[in-house]
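Going by our numbering, the sequence shown wraps up at 162, each residue one higher than the last.
Since the hints were derived computationally from the structure, they do not count as laboratory data. Keep in mind that a hint or two might mislead.
[Stated by the list, open to error] Restricting the straight-line Cα-Cα distance to at most 25 Å, the calculated cross-link-like pairs of lysine-lysine (DSS-like) are:
1) Lys118 <-> Lys87
2) Lys127 <-> Lys145
3) Lys160 <-> Lys121
4) Lys145 <-> Lys118
5) Lys31 <-> Lys114
6) Lys31 <-> Lys87
7) Lys31 <-> Lys121
8) Lys121 <-> Lys145
9) Lys121 <-> Lys87
On a predicted model such as this, the values are computed, not experimentally measured, just so you know.
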Amino acid sequence: MIGSASGGRPALERCDFSQLPHRDAFCALLKHYMEDPMGDYTPHTDAQEQQLMDDLATHPTAAIYLLNVDGAYVGMATTFMNYSTFKRQPYLYLHDVVIHQAVRGQGWGKYLMKQLIKVAKEAGCCKISLEVRTDNPAAQATYQKMGFAACTPTMMYWEKGL
Numbered sequence: 001m002i003g004s005a006s007g008g009r010p011a012l013e014r015c016d017f018s019q020l021p022h023r024d025a026f027c028a029l030l031k032h033y034m035e036d037p038m039g040d041y042t043p044h045t046d047a048q049e050q051q052l053m054d055d056l057a058t059h060p061t062a063a064i065y066l067l068n069v070d071g072a073y074v075g076m077a078t079t080f081m082n083y084s085t086f087k088r089q090p091y092l093y094l095h096d097v098v099i100h101q102a103v104r105g106q107g108w109g110k111y112l113m114k115q116l117i118k119v120a121k122e123a124g125c126c127k128i129s130l131e132v133r134t135d136n137p138a139a140q141a142t143y144q145k146m147g148f149a150a151c152t153p154t155m156m157y158w159e160k161g162l
């Protein structure tokens, strides 16, 4: 059960989908994020969750990190290693970053970001990139406190559905 994690002992764990506690934590946190107004997406079916875990487990650049505080998984980040052709170095792309609603405002987002910065530095990355919704000032504030800033020049995020 996720409750107050204030003052708890945190650990960042790389998700291993062969471990049931990791599978359960990943699915629960992703569902929590998808149902949140900032995710705003219909949660996956059990079959879709299984496919997603199978795909991520074999994806060559994916790594999922779970934030464990005193035995409870309270946050996670789905990351992908990318490469900067201009800087000729790898960089870490943060895709899904979530802290469970029950423990938001306790500093766990900042802790998670510090640990991800450490991961990127240890991998020799030149930067970390991420997307943040314009209507998510809480996440923006956390990222800014950690040294993130909007790209200069301003970039647009485009997509083409297939």
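Here's how the hints hold up against the structure:
Our distance criterion of 25 Å between C-alpha atoms is met by Lys118 and Lys87, whose separation comes to about 19 Å. For the proposed pair Lys127 and Lys145, the alpha carbon gap of about 16 Å is at most 25 Å, so the pair holds. For the hint linking Lys160 to Lys121, the alpha-carbon distance of about 32 Å lies beyond 25 Å, and the restraint is violated. Straight-line distance between C-alpha atoms of Lys145 and Lys118 comes to about 16 Å, which keeps the hinted pair within the 25 Å bound.
Note on Lys31 and Lys114: the hinted pairing holds, with a Cα-Cα distance of about 24 Å set against a maximum of 25 Å. For a cut-off of 25 Å, the pair hint linking Lys31 to Lys87 is broken: about 36 Å separates their Cα positions. For the hint linking Lys31 to Lys121, the alpha-carbon distance of about 29 Å lies beyond 25 Å, and the restraint is violated. A C-alpha spacing of about 18 Å is found between Lys121 and Lys145, which places the hinted pair at or below 25 Å, so the restraint holds.
Our distance criterion of 25 Å between C-alpha atoms is met by Lys121 and Lys87, whose separation comes to about 15 Å.
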